Amino acid sequence: MENIYKWCSCWKLAICPDKSAIIDLSNKNLSSLPRITYAGIPLTWSESLKYLGIQFAKNNQNGCILRNLRSKALKKINGIKILGYKRNGPRTKHLITIANNSILSLFYYSCPIVNKFSETHLKSCNVIQTTTLRIALGVPIWTPNIILSKLAGQKIMSVKIRRLAIQFFIKQIATHPFSPLIHTNDESNLQLVEKDAESLRVTFHNLNCIPDHVITLPVLPHSNPNLCEIFLKDFRFQSKEIPVSIIATSFTECIQSFFPNHSIIATDGSKSHCYTSIAGLSNIQQFSYRIHPLNSVLTANVLAICQALDELAVPEKDTLILSDSYSALSSLKNITFHSPKVIQRLASKIHVRKSMNQNISLLWVPGHARIFWNEKADSLAKQITDSTSFIKWIASEDIISNLKRQPIQITHDNYRKSKYQAMIGNVPDIITISKWTGNRVQDRLIARIISKTIITGLLHRFNLHPDPLCIVCNENNDISHILLKCKKYASFRAILWNKLNIFEPNITYDILLSHVFTDKKNLTICIQALKYFDIS
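Take the sequence shown: its position 81, counted from the start at 1, is 81 in the numbering used here, and no numbers get skipped.
Don't take each hint at face value.
[Stated by the list, open to error] PhoX-like mimics (lysine-lysine), calculated; alpha carbons at most 25 Å apart, straight line:
{"hint": "1", "residue 1": "Lys72", "residue 2": "Lys240"}
{"hint": "2", "residue 1": "Lys271", "residue 2": "Lys333"}
{"hint": "3", "residue 1": "Lys81", "residue 2": "Lys155"}
{"hint": "4", "residue 1": "Lys6", "residue 2": "Lys171"}
{"hint": "5", "residue 1": "Lys354", "residue 2": "Lys233"}
{"hint": "6", "residue 1": "Lys195", "residue 2": "Lys404"}
{"hint": "7", "residue 1": "Lys19", "residue 2": "Lys6"}
{"hint": "8", "residue 1": "Lys76", "residue 2": "Lys50"}
{"hint": "9", "residue 1": "Lys93", "residue 2": "Lys404"}
{"hint": "10", "residue 1": "Lys12", "residue 2": "Lys28"}
{"hint": "11", "residue 1": "Lys12", "residue 2": "Lys93"}
{"hint": "12", "residue 1": "Lys531", "residue 2": "Lys12"}
{"hint": "13", "residue 1": "Lys72", "residue 2": "Lys155"}
{"hint": "14", "residue 1": "Lys233", "residue 2": "Lys333"}
{"hint": "15", "residue 1": "Lys195", "residue 2": "Lys58"}
{"hint": "16", "residue 1": "Lys452", "residue 2": "Lys155"}
{"hint": "17", "residue 1": "Lys93", "residue 2": "Lys72"}
{"hint": "18", "residue 1": "Lys72", "residue 2": "Lys28"}
{"hint": "19", "residue 1": "Lys531", "residue 2": "Lys487"}
{"hint": "20", "residue 1": "Lys485", "residue 2": "Lys521"}
[As the list claims (entries may be wrong)] Cβ-Cβ distance ranges computed for the label pairs, FRET-style:
{"hint": "21", "residue 1": "Lys123", "residue 2": "Met1", "range": "37 to 43 Å"}
{"hint": "22", "residue 1": "Ser257", "residue 2": "Lys317", "range": "17 to 23 Å"}
{"hint": "23", "residue 1": "Trp7", "residue 2": "Ala197", "range": "22 to 28 Å"}
{"hint": "24", "residue 1": "Phe178", "residue 2": "Ser401", "range": "20 to 26 Å"}
{"hint": "25", "residue 1": "Tyr532", "residue 2": "Lys417", "range": "32 to 38 Å"}
Keep in mind that the hints were calculated from the coordinates and are not lab data.
None of these values were measured; they are calculated from a predicted model.
Ideal Cβ placement from N, Cα and C applies to all residues, glycine included.
Sequences and hints are given; from them, build the entire structure.
Below you can see the structure in the form of structure tokens.
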């Protein structure tokens, strides 16, 4: 508890001992409960604990946790039903946002626990997601899950839960040695159950790196925004109004007037489809390295400054570091405890130099403005080959950004591999379509047309329609038949085809949708014409 008290004091976290308790989940009966204090105040003992929205007790099982979460979700789903069934109620995009923030977030918030569920339990979580999306989109129960995810632009819940759990553990690695999942300062690995440890191993293997490569918090983090001088808009050459032709001259005058005795270092980070690299140079020497390709340009520029301080800084002289990354220098100038770990690493390095009576100043220079120092550093960063030395640093924030893109890609891949791709083609999601529609009724109508759920044949199976066949053509009376083939609507079809600039006599449903969703004008024409096809 003393270590916790020191940690909280270091990070300026306020804990009220009167509202805290120690959870007893052991099956052993203690003859007497030990007296444990925090900041001199005794902590009470409790038989249950609420953590990440879940109540833990001695007899808690995953099935019980799932039932409690599902019970909470179903109550909120009923609220979505009330909103969604109103003819002129909230738009579909707003209902999806409400669903994400009030229902699905119950599972996302407790992802480090929910991800340990069995596959059966995780599928039950997916059912809650699909139920919610059906209500939000206003489509029938028989709408395929793949089309639901495509229309809503949503990731599969079980996949996202696993991804969020991995993100949580990667954040713990990056906050070493302050992470509560690392029991001692000598222990470099997280204390994880085997299922989580295996998921983490697979993730790092797929990223072609190991946890030791992740940039972590410095042992003594610093969040002082006045750590060093950072010049972003202080000089004439930094103004956007000044012509490019005189920036170089103005820069030279600035150096001669304000930094005549400083050792100048120029740094740059570069990212292409092949490499991510850093470079730096001074009057004496220079360097260039490849870094992990997942690193962002921001990370590359900050790492370039860190490496320049290690390799190029002259101890006995004040140093002026040039960078064309405004975002990197701005992040350092506005540093907080929540800043990226690489920014905190840089702040720690500058603090060490400052403690040795060496002044570090950072100066932003416009990129591609014919400033020799910047152009040379930029050229070095781009002259990278496979033989260039490789530094294995990787920022946790960039790993997480990469992981966030994967689940939605899985949704797109599942749709592309399914039979529905050939049936309805590459349709936009409802968030995009809602920019062109005017109300909830149109949102719901378009969702049903895309998903082909206006199907009287299916309605007949559920005793909701007297006949599954078209009374004119004697064919299965679904939406594609009504819009493309039914003889009853031939005249209206010809008018609609003319307005949509469709000249082929026989087209498929996916081609029709591709014309409809070309722009807002075509979509409006289609919606207005649907009433003539008895669709509303």
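State the violated hints by number, sorted upward, taking the hints as numbered earlier in the document. 1, 10, 11, 12, 18
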